[in-house]
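2 protein chains.
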Amino acid sequence: MKRTVTHLADGRELIYFDDNDTAVRGERDRRDLPPPPPASEIRYDPILDEWVAIAAHRQTRTHLPPSDECPLCPSTPTRSSEIPAYDYDVAVFENRFPSLSHRNGSIEPPHLPGLTDTRPGYGRCEVVCFTSDHNASFASLTPERVRLVVEAWADRTAELSALPHVEQVFCFENRGEAIGVTLHHPHGQIYAYPFVTPRTRRMLASAHRHALEHGGANLFADVLAAERAAGERVVVRNEHWTAFVPATARWPYEIHMYPNRQVPDIPALSAAERDAFAPAYLEVLRRLDGLFGIQMPYISAWHQAPVHVDRDLSYLHLQVFSSQRAPGKLKYLAGSESAMGVFINDVRPEQAAQRLREVEL
Amino acid sequence: MKRTVTHLADGRELIYFDDNDTAVRGERDRRDLPPPPPASEIRYDPILDEWVAIAAHRQTRTHLPPSDECPLCPSTPTRSSEIPAYDYDVAVFENRFPSLSHRNGSIEPPHLPGLTDTRPGYGRCEVVCFTSDHNASFASLTPERVRLVVEAWADRTAELSALPHVEQVFCFENRGEAIGVTLHHPHGQIYAYPFVTPRTRRMLASAHRHALEHGGANLFADVLAAERAAGERVVVRNEHWTAFVPATARWPYEIHMYPNRQVPDIPALSAAERDAFAPAYLEVLRRLDGLFGIQMPYISAWHQAPVHVDRDLSYLHLQVFSSQRAPGKLKYLAGSESAMGVFINDVRPEQAAQRLREVEL
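Chain order of the listed sequences is R and W.
Per my numbering, residue 43 is the first one in the first sequence, and the count goes up by one each step.
Per my numbering, residue 43 is the first one in the second sequence, and the count goes up by one each step.
Only chain R is shown next, with the shape it has when bound in the complex:
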């Protein structure tokens, strides 16, 4: 594996990850780009005890461009995309329209009344291109390519964790127009947040209580062990990974995938665990796509430990979920989910797991 760091015309970083150790990535960005956009800010909500990011410049971001203008395809002699190379394996670059940025330092956040704190939206947002093939999907990648993507996630998690202000690194993929994806080229994103995210805080509060009540036991490990023992909701397993539909799935099709050994984050995975991830995850995605014979819309989200706190309570896992509840029918987050946080799932988790296991690959 070779890692090459370059910069785009506006100063943003671009990093190539190549399978071939002799790859040369000398192409320059020929574009004349404006400077990165103005800052975002984060605001503290005293009622929900959460930070919210306000990023008004993102209203103008690229929205479903025609495929011959795809900014994630390689450049050609006559067209410059976000990636100057004429071909690539995996490429990671700073998002041109970031929700969070380490370039926010000079901005003074506005004064807000009363109880609402506000700060610059420190952090970093990156785009991860999984392949140069515009018409591929993650599910169609080779295991070798998935292994390279894991290396990229590990590299970026370690590097972003070391940035000032960063408290948590989130690697994820949004797939499908049904969940608002604005670029079809197979890609994921990485957010480096300047706080521990609300969901992670809730999970860690539960993990802390569980450890206190059960002699230091790890909550996630105990849930995983119970699911492995029950078996009814397990969809895929191998020596190093277990993927199951949680008994409390919130989405019609939701799969949680844990390494069998407790680790805090992707950089902590062993080489053998990284190797074993690819076939297991590809099988999960192919079973999802096989459910209705369509490319399923999904969100795939890595839950990693915070950078500085509670790493021993954490347990790396991947949450994959789809809003597709039947052919042609999506689950929407309406009043109960969006306003009250109460999920109503129309598909029994046991039935979802069985349907996923029965997909013929």
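Please keep in mind that the hints were generated in silico from the structure rather than gathered at the bench.
Honestly, I wouldn't trust all of these hints.
What the hints assert, rightly or not - Derived, one-sided and incomplete: chain W residues facing chain R with beta-carbon distance under 8 Å:
id, residue
1, I96
2, V276
3, I341
Said to hold, decoys possible - In silico EDC-like pairs for lysine to aspartate or glutamate, Cα to Cα no more than 20 Å straight-line:
id, chain 1, residue 1, chain 2, residue 2
4, R, K371, R, E209
5, W, K44, W, E219
6, R, K371, W, E219
7, W, K44, W, D317
8, W, K44, W, D60
9, W, K371, R, E219
To be verified - Some chain R residues well away from chain W (every beta-carbon gap over 10 Å; in silico):
id, residue
10, L225
11, Q231
12, K373
Owing to the predicted nature of the structure, the values given are computational and were not obtained by experimental measurement.
The beta carbon of each residue, even a glycine, is placed where N, CA and C say it ideally should be.
Dock chain W against the given chain R, drawing on the hints supplied.
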């Protein structure tokens, strides 16, 4: 106002609320209906410390029927809808496909492994028809009709709060196909939950801390006072109500509407407060619809106090939010929001408030 309780052919309750004190609602349901569907269940998620409802029978619910088969329109001599009357003002009935039901008593929930508790999905789900006019919208109702809807919400909140197992009553409206509405007829819903909802628990935890740290002060009252003093985000106000875009709005267009006096729930509103609600809320909705000249999709959600706990910490308020961020563009909940709970808002709350104030009515 006259209130008439009747029953549908399968035993579900139907309640008419009429402006005319002499209205007679003697029409019988002529349909031959199967018994109410099998039970739902609720499952406790030990990782997120939340209950999730599993309601598999809802997969077969009515989905965008043609308008001449609308189940919420009045019946005619040749067609029976969910409402036997040939005309009505406001009608409330038990949902035919409920996520929660008090008819769940005889069902034994399945055994789940380890840490996941499970119980019957006790509770109740009701449908509130705001008008017999299929093509109306809440924003087009008269103030008198809105006043009658408030009476219906107050009545149902009080009655459902008295049911066994019920811990919180949630009145809401989902509007627009963009958020998954399956029936166009103007209607809202009421969920009576057998637990305090996750969002309410988080708000009350904040309110509890705030009271401890500020000599018993009410968190919501302090936020409201700060917004009223700042004024910058206030959209509509009158003697009894204040509607503002919160400084930490999560959605492109989000408005919180509080009575100026702290009350726990709708039944606690005075007659004057109920009277003053209609013009203020209608103005909020009409300003929303005026933003882009379209009927905006929205969720309108009443945050009421739990039935049995923390009523003194609570403060009734209405949260109205839309995912429409620009003409033809929706905000989707993608990885950051759905998996991590971190909202990225592309519209500055101060700008949203100004745009709403500038709409010409």
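Each hint, compared with the structure:
With a cut of 8 Å, the hint placing I96 of chain W at the interface with chain R holds, because the nearest CB-to-CB distance is about 5 Å. Given hint, V276 of chain W at the interface with chain R, is violated; its Cβ is 11 Å from that chain's nearest Cβ, farther than 8 Å. Checking I341 of chain W against chain R: minimum C-beta separation of about 5 Å stays under 8 Å; hint holds. Restraint check for K371 of chain R and E209 of chain R: not satisfied, since their Cα atoms lie roughly 37 Å apart, outside the 20 Å limit.
The straight-line distance between the Cα atoms of K44 of chain W and E219 of chain W is roughly 33 Å, outside the 20 Å bound, and the hint therefore fails. At most 20 Å may separate the alpha-carbon atoms for a hinted pair to count; K371 of chain R and E219 of chain W meet this at roughly 12 Å. Under the criterion of a C-alpha separation no larger than 20 Å, the hint pairing K44 of chain W with D317 of chain W is consistent with the structure, at around 17 Å. A distance of roughly 5 Å separates the Cα atoms of K44 of chain W and D60 of chain W; the hinted pair therefore holds under the 20 Å criterion.
Distance check on the hinted pair: K371 of chain W and E219 of chain R sit about 12 Å apart at the alpha-carbon level, within 20 Å; holds. With a least CB separation of 12 Å from chain W, L225 of chain R remains clear of the 10 Å interface cut-off, as annotated. Look at Q231 of chain R: its CB is around 7 Å from the nearest CB on chain W, not clear of 10 Å, so calling it non-interface is violated. With a cut of 10 Å on Cβ distances, K373 of chain R falls inside the contact zone with chain W, its closest approach being about 7 Å.
Of the hints listed earlier, those the structure fails to meet are numbers 2, 4, 5, 11, 12, in rising order.
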